Amino acid sequence: QSKEIRIAHVYSKTGPLEAYAKQTHVGLMMGLDYATGGTMEVAGKKLVIIEKDDQGKPDLGKSLLAAAYGDDKADIAVGPTASPVALAMLPVAEEYRKILLVEPAVADSITGDKWNKYIFRTGRNSSQDAISNAVALDKAENTIITLGQDDAFGRDGVKAFREAIKKAKVIHEEFQPPSTTDFTPAIQRIIDKFKGVPGRKFVWIVWSRPNSPFSKFAELELQKRHGIEMASGGNILPAMVTYKQFPGMEGAAYYYFGIPKNPVNEAMVARHYKEFKSPPDFFTAGGFSAAMALVTALKKTNGDAKASALIPAMEGMSFDTPKGKMTFRKEDHQAMQSMYHFKIKADPAFAWGVPELVREIKPEEMNVPIRNKR
Amino acid sequence: MFSRLLSHDLPRSRWLALMLVVIVLGLAFAPFLFTGVKSINVAAKVLIFIALVVSFDLLLGYTGIVSFAHTMFFGIGAYGLAIALNAMGPTWGAIALGTVSALAISLVLSLVIGLFSLRVRAIFFAMITLAVASAFLTLASQLSDITGGEDGLSFKVPELLTPGFALMEDDWEGPFGAVALNGRFITYYLLFAVVTGMFLVMLRIVNSPFGRVLQAIRENDFRAEALGYRTVVYRTLSNVLAALFATLAGCLLALWLRYNGPDTSLSFEIMLDILLIVVIGGMGTLYGAILGSTLFLLAQSYLQDLLRLAGSATEGLPLLPALLTPDRWLLWLGLLFVLSVYYFPTGIVGRLRDRAKR
Amino acid sequence: MLETRDLTVRFGGHVAVNAVSCAFAPGTLTAIVGPNGAGKTTYFNLISGQIKASAGTVALNGQDLTPLGAAARAQAGLGRAFQLTNLFPQLSVRENVRLAVQARAGAGLNLWRIWSDRRDLLEKADRVLEAVALADKRDALAASLPHGDQRKLEVGILMALEPQVFMFDEPTAGMSVDEVPVILNLIRQLKNDKTKTILLVEHKMDVVRELSDRIIVLHNGELVADGEPETVIASPVVQQAYLGISPQEAEAA
Amino acid sequence: MNKDFDYKPLLLVPLLALIALPLTGSASTWLTLTVAGLAMGMIVFVIASGLTLVFGLMDVLNFGHGVFIALGAFVATSVFAAMGSYVEADSFWLNMVALLPAMLVAMAVAGALGYVFERVIVKPVYGQHLKQILITMGGMIIGEELIKVIWGPQQIAMPLPVSLRGAFIFGEAAVEKYRVLAVLVGLLVFLAMVWTLNRTKVGLLIRAGVQDREMVESLGYRIVRLFIGVFVAGSALAGLGGVMWGLYQQTVIPQMGAQVNVLIFIVIIIGGLGSTTGALIGALLVGLMANYTGFLAPKVALFSNIALMVAILLWRPQGVYPVANR
Amino acid sequence: MSAQNLLTLEGVHTHIGAYHILHGVDLNVPANQLTMLLGRNGAGKTTTLRTIMGLWHASQGRVTLAGRDITAAHTPDISRSGVAYVPENMGIFADLSVKENMLLAARGARSIDDIDTKRLEWIFDLFPAMKKFWNHPAGKLSGGQKQMLAVSRAIVEPRQLLLIDEPSKGLAPAIIQNMIAAFKALKEAQTTILLVEQNFNFARQLGDSVAVMDDGRVVHSGRMAELAEDETLQARLLGLSLKAHQ
Ligand SMILES: Nc1ncnc2c1ncn2[C@@H]1O[C@H](COP(=O)(O)OP(=O)(O)OP(=O)(O)O)[C@@H](O)[C@H]1O
Ligand SMILES: Nc1ncnc2c1ncn2[C@@H]1O[C@H](COP(=O)(O)OP(=O)(O)OP(=O)(O)O)[C@@H](O)[C@H]1O
Ligand SMILES: [Mg+2]
Ligand SMILES: [Mg+2]
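Protein chains in written order, with the numbering used here: chain Y, 1 to 374; chain C, 1 to 358; chain G, 1 to 253; chain P, 1 to 326; chain H, 1 to 246.
Honestly, the hints are just simulated from the structure, not real lab data.
Some hints could be false.
[What the hints assert, rightly or not] DSSO-like mimics (lysine-lysine), calculated; alpha carbons at most 30 angstroms apart, straight line:
1) Y:K362 / Y:K159
2) Y:K45 / C:K38
3) G:K191 / G:K124
4) Y:K117 / C:K38
[Said to hold, decoys possible] Coverage of chain C stretches by chain Y, computed from C-beta distances (three or more under 8 angstroms per stretch; other residues unrestricted):
5) 31 to 44
6) 145 to 151
7) 261 to 274
Fair warning: this is a prediction, and the values are worked out from it, not measured in the lab.
We put the beta carbon where it would ideally sit given N, CA and C, even for glycine.
Put together the whole structure using the sequences plus the hints.
Given below as structure tokens:
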């Protein structure tokens with residue numbers, strides 16, 4: 001038995017997702033350091049991190065993961081950033097019979113129909129995102145139109161959102177190409193659809209690209225002119241700058257550093273401020289959670305990193321994260337976690353719109369469907 | 001005999017010949033020489049790119065057509081195989097059907113593109129193909145029921161080609177490490193054989209009377225027409241041949257990766273890589289494809305590792321570490337683009353042949 | 001027999017060739033003269049198919065060529081050398097000629113034979129190069145030839161094509177005086193063959209006088225004179241419009 | 001332009017708008033979409049104008065044009081950051097105090113980089129399209145990476161100055177204030193370009209220089225300087241375009257240049273690869289088309305630009321105003 | 001020769017790429033005279049003109065213009081010191097109209113109105129086609145018309161030295177006569193001309209002095225009149241034995 005546990009972190013170090021990916025890595029390293037009490041050892045074995053850059057390319061991610069397991073003798077892999085990359089990687093884990101801990105790729109199918117038993121995920125999936133938002137908006141007097149980017153991410157999100165809405169009315173689903181440059185037509189369609197609708201009117205937006213529709217809603221003064229409000233999930237801080245134009249906007253977020261109150265989060269925020277003079281962001285929390293999950297599991301197996309030992313240990317396992325307690329659901333290995341219903345406040349001290357906690361949505365409140373076949 | 005095999009188109013430079021021999025031997029014995037997962041992946045990718053670049057060189061180097069739609073045909077091949085294997089399961093029949101239907105689609109599409117747009121000015125043709133290729137990319141990611149959308153398709157291949165299939169119980173202990181004689185090993189040699197065949201056939205085509213006419217058209221299409229060569233026919237035929245070869249290369253890619261997605265076979269980035277390889281190797285010399293693909297893919301695959309070394313070596317110096325981190329590898333790749341145009345205006349093959357002439 | 005009937009082309013409002021009807025019999029050399037811009041080159045372009053006619057027809061041995069493109073007309077037997085040199089610049093001199101030989105042999109669409117295995121084509125190319133006195137430069141790139149040699153190569157390509165109709169557009173322009181006879185001899189040989197139709201555009205009157213069996217004169221796109229060389233040259237329209245000699249001077253000469 | 005000016009392409013724009021009128025249903029919707037589309041077209045024109053200039057006059061296929069756009073936008077974010085109080089001030093004139101320098105600095109920086117780009121990257125490849133594509137792509141990659149080194153890989157917000165936020169409301173229809181500004185800037189750029197190219201010898205000289213550099217030099221012109229000048233001007237225009245685009249999107253990312261590349265190439269192809277008026281028409285058509293299809297059939301919007309280009313090329317295979325026989 | 005030399009080449013060697021083309025050219029061009037440069041194909045005439053113009057640079061030797069060493073000068077500067085050049089391939093800007101071609105040739109003119117109208121009229125008289133096709137794209141001109149345009153460009157403004165490469169090729173006899181008249185008139189107006197020609201008849205009518213090149217060297221120079229009379233010299237230098245061609 002070797003004296004090391006080798007962990008490969010495969011992520012989009014370069015490419016369009018670079019900024020997100022870096023946060024994950026920072027979080028992962030910080031988390032490992034925190035969880036091992038600064039020793040980087042579990043059960044007397046050194047944790048060795050191998051970094052691989054998938055550049056956001058599925059084929060590359062796939063061969064890098066194989067190289068990590070095969071050439072670099074990694075015992076466990078963490079990553080990747082993008083869902084298509086993750087989906088291409090899933091069969092490799094099965095081939096090598098080693099654990100792949102998915103963080104932060106969101107696609108439902110990773111723990112859905114493409115899943116295999118070597119796959120665990122600490123990151124939230126699209127359904128969790130959508131359902132939490134649905135919970136935040138689901139009131140009988142609300143009428144909702146969804147606006148999503150026309151691809152797997154947007155369509156998954158809208159589908160899960162609709163399934164979770166019980167009381168409110170969803171009257172229309174608007175999809176626009178992910179590369180849309182002008183949102184005027186979409187907004188015009190939405191205005192037309194809302195004509196004559198009573199009660200509160202919401203547009204729920206699921207959009208991950210930087211060409212976001214938010215600012216256009218502000219420019220066209222929808223709230224003032226038509227009483228149409230916006231709702232959306234959380235995002236990374238630079239993207240939440242546009243939220244500042246929508247004080248009072250509601251939605252549900254995966255993470256914002258000021259919201260969760262627990263020792264792990266406090267430790268992470270403090271460390272992050274110390275090291276980078278800035279608060280940790282969305283994906284930092286994810287990386288940190290993945291580290292916590294890994295160390296907890298390895299402690300449980302007493303340093304045995306073989307999948308045969310880890311899988312039983314991790315199924316149903318609960319562990320602490322900056323977001324509080326998470327639990328890997330036995331059925332599909334998805335980590336069940338809290339989400340945060342927020343309301344935006346424009347605080348001059350921050351460049352971005354600050355999400356203030358309305359209430360924490362506990363995992364039990366969200367009926368996240370199990371979509372895989374065992 | 002050997003010269004006939006190469007269609008009498010010999011390297012014509014001792015250095016070039018030497019480099020080619022090294023590369024070809026390296027590729028032929030790659031599974032025995034380089035036993036790592038990564039290196040064998042690189043070797044396979046080199047093979048696939050040789051086939052792809054050779055097909056593009058027929059268009060660009062020999063016929064003088066700039067097309068940006070070449071990855072489209074590459075993608076058709078890859079998707080053809082992927083969709084067939086995904087839908088019909090891992091059978092040889094699926095591979096055959098996927099390949100044949102991809103070839104058929106490419107044939108029709110390239111014929112249509114050729115007949116309709118090869119009459120316009122070269123630069124317009126380039127731009128039209130750019131637009132067509134980007135439309136095709138969008139289409140592939142939109143038709144997610146068939147193509148898997150952005151996520152692409154992961155699929156299984158016939159038993160014989162899977163890593164699980166073992167030729168021998170135990171790994172073979174070679175002088176450079178243990179060689180697993182499994183399905184991947186078989187797949188690699190399948191690739192090697194097909195690519196070698198494709199290369200030799202292409203060499204034959206460019207050295208045929210037909211190939212010579214293509215060069216004449218590249219030089220002066222107006223004059224070629226006046227000699228009685230129907231340029232539209234020749235150009236279209238060249239376009240179709242190139243498309244078919246690219247399609248086949250795409251099939252090989254899918255077979256090797258057991259995955260395909262829009263980014264993997266259709267992206268503009270790949271198109272640029274092909275262009276660059278042709279230029280680095282030398283336009284209008286098929287040997288350039290071998291040299292260019294090898295050098296470029298080695299650089300692309302190992303640049304980050306190299307930078308990691310360089311980065312740690314320059315630690316403490318101002319600014320340099322910020323540029324030499326593996327994260328900025330694209331910067332150096334960009335530099336490679338610039339420098340290769342600077343220093344290899346006629347490509348490596350052209351350079352070496354000029355030297356040999358002196 | 002090459003025949004044009006009412007051949008006309010308009011560029012915008014400008015009629016460059018205006019209803020030219022003319023027949024050229026095998027075994028004769030017809031010189032086409034006329035001032036600059038008279039439409040001589042354009043007339044050639046219409047015959048060989050580089051330009052589409054606005055009206056009129058072109059026929060060779062009774063076959064109507066009007067709907068055909070340049071390539072098809074070349075295959076039908078119309079061969080053309082250009083006024084402004086028009087070569088394959090980055091190919092060798094020999095390859096320039098060999099391509100014409102290959103076109104003549106109709107071997108272009110063969111994808112499988114190795115080009116250098118067709119010794120017959122190569123040898124024929126070499127014979128043509130001998131004939132136009134370029135044999136010693138056969139490996140040079142066409143682009144690096146001096147102007148005069150490029151003109152010779154232009155003629156060589158036409159020779160290699162062995163068409164039934166030869167159209168020379170100022171073959172000797174810019175060629176040095178000691179080289180000109182080489183080309184004129186070639187043309188003479190073709191003439192002696194008695195089966196070829198030869199059309200020659202030339203501004204050097206001595207050459208025209210010596211070689212031609214017949215002269216036609218184009219002026220402003222119209223056919224204004226046609227006949228025996230001496231009579232045509234003596235005609236007032238040629239003397240005035242073309243040679244620039246006033247009637248009095250013509251008298252005196 | 002002379003008397004037999006070809007006016008048909010000009011009619012395309014109103015024609016497209018008219019066709020859309022019955023389809024959109026209500027007049028106010030149509031008005032909103034049309035005005036927004038035209039303004040969008042103007043912004044697109046500004047970002048494409050430099051490329052038309054460089055391609056139309058110098059025959060350089062600058063695939064790296066996008067990097068100047070991105071650079072302009074990033075420089076502007078820095079200027080805005082430095083002048084934050086003017087951006088946030090609720091006065092049009094104070095806002096302009098921030099906006100004008102942002103534009104000028106962005107143009108200056110992009111122009112300066114354009115100088116380097118011309119000398120180092122473009123100079124060796126004049127007249128060779130293929131190599132231009134490669135080397136300028138290389139330049140683009142380098143530029144994009146350097147932007148990441150300087151400003152970081154993440155997106156940066158670029159909020160509008162306060163007085164430009166919001167919209168003018170006409171009954172049911174709304175026109176964003178910023179778009180009005182964009183139209184003004186676009187018109188200014190257009191007029192300046194048309195004037196320079198038609199009223200001075202510069203345009204002629206560069207076009208002649210592309211065909212036969214040696215001859216232009218033999219006529220006594222220092223073509224090298226002219227080429228540099230045009231390239232710098234083209235880059236500066238791209239920088240300005242970057243500011244306009246960044247303010248429009250309100251966020252900038254290092255990849256923004258690469259993202260608009262296909263769009264601006266479509267615009268100049270429609271325009272005839274080098275005609276300023278053609279590019280303007282192309283840009284307006286693209287803007288309108290995107291808005292109408294986005295409203296009528298969002299799925300189709302994905303292909304609207306390409307469909308538009310194909311339709312135009314079927315009508316005029318060399319674009320609406322073909323420039324020369326290249 | 002008593003006249004002062006406007007242009008002199010001393011031992012000029014020129015390489016094009018790897019090829020050594022000029023092997024020490026010595027050439028004097030007397031001011032206000034017309035000098036013919038003759039020689040068979042490939043002798044190096046064009047290369048000599050291009051070297052003078054700075055389009056290729058001499059690797060050895062000296063080129064002097066009006067006492068100034070221009071061996072290493074740049075083409076635009078050489079042009080600006082009063083040299084006009086008509087290249088062998090004519091150098092027409094095919095996409096520009098005849099008018100625009102002329103406008104560019106008149107370096108001082110900002111628009112066509114700035115060009116001396118008298119001079120324009122003179123050119124139109126010499127070459128009527130220029131007027132007729134004034135607004136046409138130059139690329140569409142006939143071969144001879146292009147040649148006329150190339151020469152017109154060189155003479156649109158007064159210059160001290162004209163370098164002209166085979167102006168007569170492709171021209172109808174009447175136009176050649178016009179051109180001869182034009183060159184004579186220019187000579188009257190104190191213009192020095194260096195003319196490359198194959199048409200010996202043309203050369204004989206015009207030349208004051210003559211230089212004959214062969215294989216990258218000047219092998220004979222002297223007065224045109226002498227060469228014109230000495231048929232054996234002609235035969236030796238130019239292969240001009242046959243009556244057939246004058
Ligand atoms: N494609 C074209 N478009 C417009 N005008 C043209 C075109 N081709 C030729 N022309 C015009 O037609 C006329 C005839 O030209 P052509 O080249 O046939 O003359 P040519 O008799 O060969 O003269 P030269 O002896 O100078 O070669 C010229 O005035 C020319 O400007
Ligand atoms: N670009 C080039 N590359 C290589 N050799 C060249 C090049 N240009 C010219 N030469 C060679 O230089 C020599 C002189 O050419 P040049 O054009 O000066 O001759 P010339 O006297 O003008 O002939 P002509 O009367 O035919 O125009 C020739 O042998 C020619 O092959
Ligand atoms: Mg002619
Ligand atoms: Mg010459």
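Quick rundown of the hints versus the structure:
Among the hinted pairs, K362 of chain Y with K159 of chain Y is consistent with the structure: their alpha-carbon atoms are about 21 angstroms apart, no more than 30 angstroms. Between K45 of chain Y and K38 of chain C, the direct Cα distance comes to roughly 27 angstroms. Compliance with the 30 angstroms bound is thereby established for this hinted pair. Taking the CA atoms of K191 of chain G and K124 of chain G, the gap is about 20 angstroms. The hint holds against a cut of 30 angstroms. At most 30 angstroms may separate the alpha-carbon atoms for a hinted pair to count; K117 of chain Y and K38 of chain C meet this at roughly 25 angstroms.
As drawn, the region 31 to 44 of chain C meets chain Y at 4 residues by the rule of a beta-carbon pair under 8 angstroms; at three or more, the given contact holds. With a cut-off of 8 angstroms between beta carbons, the region 145 to 151 of chain C has 3 residues touching chain Y; three or more are needed, and the interface restraint holds. With 3 residues bearing a CB less than 8 angstroms from a CB of chain Y, the region 261 to 274 of chain C meets the requirement of three and the coverage assertion stands.
Hint compliance for this structure: no hint is broken.
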